[in-house]
Amino acid sequence: MFNEAASLKTKSLEVWRGGLCLFEGLDFTLESGQVAIVSGANGCGKTTLLRILSGMNQAAGGYVTWRGEKIHRLNAESQAEIAYQGHLDGLKKEFTVLENLRFYQAMSNQKKPLESLLEELRLGPYQNRQVRYLSAGQRRRAALGCMRVKTAKLWLLDEPLTNLDTKGASLISSWISEHAKSGGIAVVATHQRESLIQTATIEIEL
Amino acid sequence: MDIFILILLRDLRLSFRRWNELAMPLLFFIIIASLFPLASSPEISQLRDYGGAVIWISALLSSLLALDGLFRVDAQDGSMEQLILSPTPLGVIVLAKIIAHWIVSGVPLVIASPLLALSFYLPLEALPVFILAIALATPILSVLAAIGAALTVSLRGGGALIGLLMLPMMVPVLIFGTWATDAAVQGENPIGALLLLASLAILSISLGPLAAAGAVKVAME
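Chains A and B, in that order, give the protein sequences. Numbered per this note's numbering, the first sequence spans residues 1 to 206. Numbered per this note's numbering, the second sequence spans residues 1001 to 1221.
It cannot be assumed that every hint is accurate.
Unchecked claim - Dumping the calculated DSS-like pairs for lysine-lysine here, alpha-carbon to alpha-carbon at most 27 Å:
| # | chain 1 | residue 1 | chain 2 | residue 2 |
| --- | --- | --- | --- | --- |
| 1 | A | K93 | A | K70 |
| 2 | A | K93 | B | K1217 |
| 3 | A | K9 | B | K1217 |
| 4 | A | K70 | B | K1217 |
Worth flagging that the hints you see were computed from the coordinates, not collected in a lab.
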């Protein structure tokens, strides 16, 4: 099915933004079951790094590979293994929580029942409510639920804990450990390093 | 193919949940067209002379009004990132969005245009050609709208810029559309103009989505 085992590699990555070099010569390799926590001050390039890892942005120098293929030239099969969750929720506010989840589920050809996921996210009572009536934390949970239903192998999470309460934060941290245990890979950029550090295999400090 | 239908249905459902925005282009179309008899003379012979041109210009302007939200809303709420990173080629997704856009903004124009044509006293026998011309032109306008919307998706005040950018590109549609309408009104053969419109429609539907997809990808970086 795939030529190479699941691994995310960067080779001498160099990132510029607005005429400023944020970092250069970034090399790391993540194998199945490994989690990288990306930390650093505001504006140090965490978001840019994650967008480059997803293939949406191009690096000024160096490259990123997934299963040995360049990240922005993946075939559909490998592309489907990647889930990215950025600062924006990606939810349609005219749709209900359930409709949003169903949409992303259908986009990745999944058909599992959603009750247990909704319960885990404590969104059960709100599942038929339009997203525009939800609080910021509830939206965040719904967005992370949408990321979860894709059953991707590689998670790229940019500040997943923003707006989450302690229960939500520990849920996400347990998701990440679970994901790693089942052979997944995750790169998580965060300011709440303490909440997630126990899940990390390596730490990237920009 | 499944994903194509999924996106198409999603966009249609979203449009119907924002139905107040949905009705806007159609109302705009009818209002611009009905301003002309007020500003100029309402005599039948004159209405018939400029009626075709007025309806075509109104169609062009109202299609500009509808296009701003095509990609902007998706870009602002983050759905566009998810669509770009989905395994489905972005061109297919954009084509589905364009068709959804045409169904909610183009088809109402096609349905309303014979009514407007009759109120401008265009002869009944010219109507089939006129409706066909509008039906061929609205998909072209939707594709052009999509390219304009894609180019300006990351700009804050993109709306006005789209007008400046896209109106010149819509000129061929205007020329061939009014040519077909005039020919039909005067009882001449409109087939040449209709064929040109049809070929423009095919060209834009086949290449436009790829151009728009490329522009969206660059804009989202």
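Restraint check for K93/A with K1217/B, where alpha carbons must lie at most 27 Å apart | holds (23 Å)
Please work out if K70/A and K1217/B have their alpha carbons no farther apart than 27 Å.
-> holds (17 Å)
Take the C-alpha atoms of K93/A and K70/A, compute the straight-line distance between them, and say whether it is at most 27 Å.
-> violated (34 Å)
For the pair we were handed, K9/A and K1217/B, check the Cα-Cα distance against 27 Å.
-> Distance ~23 Å between K9/A and K1217/B Cα, so the pair holds.
Violated hints amount to a single one, hint 1; each of the other numbered hints is respected by the structure.
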